[in-house]
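Chains A and D are the protein sequences, given in the same order. According to this note's numbering, the first sequence is numbered sequentially starting from 107. According to this note's numbering, the second sequence is numbered sequentially starting from 368.
FYI, nobody ran anything at the bench for these hints, they're computed from the structure. Every residue gets a Cβ at the ideal spot worked out from N, C-alpha and C, and that includes glycine. A couple of the hints might just be wrong.
[To be verified] A short list of chain D residues far from chain A (calculated; beta carbon distances all over 10 Å):
#1 Asn378
#2 Glu472
#3 Asp579
#4 Arg605
#5 Phe617
#6 Glu675
[Said to hold, decoys possible] Straight line, CA to CA, 25 Å or less: simulated DMTMM-like cross-link-like pairs of lysine to aspartate or glutamate:
#7 D:Lys471 x A:Asp240
#8 D:Lys471 x A:Glu325
#9 D:Lys471 x A:Asp190
#10 D:Lys626 x D:Glu644
#11 D:Lys555 x D:Glu493
Each chain, letter by letter, is given below.
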Amino acid sequence: MNRLLPVYTLALREVVRFVRQKNRVFGALAQPVLFWIIFGAGLSASFTPGDSAGQGYNEYFYPGTVVLVILFTSIFATISIIEDRNEGFLQGVLVAPVSIGSVVAGKVAGTTILALMQGGIMLALAPIAGLPLDLAQVAAAMLVLTFIAVALTGVGISIAWNMSSTQGFHAIMTAFLMPMWFLSGAFFPANGLPSWLAAALAINPLTYGLAAFRYALYEPGSPALAHLPSLPVSAAALGLFALGSVAMATALARRRPAGPDS
Amino acid sequence: MTLSKFDTGENPLLEVTNLSYSYGDTLALDDVSFSVQPGEIFGLLGPNGGGKTTLFKILSTLFRIQTGDVHIMGKSIQQYSLAARSALGVVFQNPGLDRNLTVKENLKHHGHLLGMRGAELAEASESALQRLGVTDRTNDRVDTLSGGLARRVELAKGLLNKPPLLLLDEPSTGLDPGARLDLWRYLKDLRNEQGTTVILTTHLMEEAESCDRLAIIDHGRFVAIGTPQGLRSRVGERILSLRCEDPEGFAAVVSREYKVQPVIVEGRLRLENISPESLIPRLLLDHGDKILGLSMERPTLADVFVHETGHTFWKSEQGVDPS
């Protein structure tokens, strides 16, 4: 059997569903943009750029906002697994003659397409943040966003797969996913932090994703790139993050648990 | 591997051997064995929580086998799970359609998962929808369909690749009586025309009556298995039920004087395998003052259940079907 057919069809379903649920389109884009506007305006007065001279908070916060859009897209897309599995289309997918690897790949592919659609819209706003991008920069940025979306979707699937209620997912989102984003360098730079906080940033894989994204947006040597992990380290860590989280999602999904008798 | 590589030969279509399943310390299935022949409509009858949904989830490959084995067309579903799945059509009790998609889109995605595509898929989809009479709603979104119509689309989805074995979990849930009759007519047509074997779970006695054979499940065990007629004959031609003030005391009297073994079910004396023509007049003459009520019925499958388990099917209520 054609191995790509189930991946294609599951990814397509993901995109069609998303486009038909207007509130999801709105939710994934509007909240980060609101954050950007409000925090950008509120914090720009107190933000001292330090070495990254000339960079306002609006501009500093912009890459983090784009990553937040990706994070929200991944969360909204994977949280549906929980209900979809007990009452919905996923039941039929799980008893269809396709490997669980294809099911995970379909989910990851579909969600990544959604994330890139919205990430693309966000990149169009870059000039407003004071970042006029050329074509090569846009291409590099989209490539980095692809890896970030794959990684975060893998994380989302890993969390959602064994979860019996969406409330549980919300709890993890508040206690784990949002802090992961806060501590990625999205909100504040790594320089001048207490050592425990700096350590938290250093072990957070999303830190490297965000760093790679900043490298894509700026000319090499730009002051905005100070205090970041180096480009090779960022790229390698992001690649591992994506690979590792998808591998974990697949392993967890393969180990289909003895669910409750509903 | 595909279906054609299955060796149907002399094998039963489905064979379950020594299947047990537990959730932690709770044993949900306890050493269940049975087989189903090609073309049978086989029912799993039992109260909710009796283990039939667990069995359904194992047969549909949703749950992994813990102990025992299941063979479909001679192949173990543990070793050949993908091949087994391509031989199955599954209709779950909970809605299994994507409500944001149209009827046609749901069938298209499902067909792709089964490895069908293009003209073959379009044709199969069209003919499945036609059989179930939903062709006029093909391009409507599922969330605009009534419950009964959505159920029919679920069935069409389960039949898309004409599977040799159709698994239905509580198929009548949410169907009005007319739609139930349609469903059964349809299942029998399928069996007669395509030789489809059907296994379904139900907690409705009337539905169980329509099966070729059925197994009664209680507390994870098969308490009886056979044709509806054969199962009923276990409790005799007639059942006598007596209401009285002191069931225990009266049971002892009846047992001593008439050489029958009454059982007490929910405060009433039940007498099975009796000849009521001679027993009732004697009972009334000898003990008419103790008898507050008396009824006599032909046995139903509910009586078989009581006969085999010693308790009623609906422990708290009297045969009220909530669905």
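Results for each hint:
Consistency note on Asn378 (chain D): stated as away from chain A, and its beta-carbon is indeed over 10 Å from all of that chain's, at 20 Å minimum. Glu472 (chain D), annotated as away from the interface, has a beta carbon of chain A within 10 Å; the closest lies near 7 Å. With a least beta-carbon separation of about 24 Å from chain A, Asp579 (chain D) lies farther than 10 Å from that chain, consistent with its non-interface assignment. In this structure Arg605 (chain D) is separated from chain A by more than 10 Å, as the shortest Cβ-Cβ distance comes to about 37 Å.
At roughly 40 Å, the least C-beta separation between Phe617 (chain D) and chain A is larger than 10 Å, which holds for a residue marked as non-interface. Here Glu675 (chain D) stays apart from chain A, with its beta-carbon at least about 22 Å from theirs, past the 10 Å limit. In summary, the hint linking Lys471 (chain D) to Asp240 (chain A) is not supported, as the alpha carbons are separated by about 43 Å, beyond the 25 Å threshold. For a cut-off of 25 Å, the pair hint linking Lys471 (chain D) to Glu325 (chain A) is broken: about 49 Å separates their Cα positions.
Under the criterion of a C-alpha separation no larger than 25 Å, the hint pairing Lys471 (chain D) with Asp190 (chain A) is consistent with the structure, at around 19 Å. Among the hinted pairs, Lys626 (chain D) with Glu644 (chain D) is consistent with the structure: their alpha-carbon atoms are about 16 Å apart, no more than 25 Å. Taking the CA atoms of Lys555 (chain D) and Glu493 (chain D), the gap is about 21 Å. The hint holds against a cut of 25 Å.
When each numbered hint is compared with the structure, violations occur for hints 2, 7, 8.
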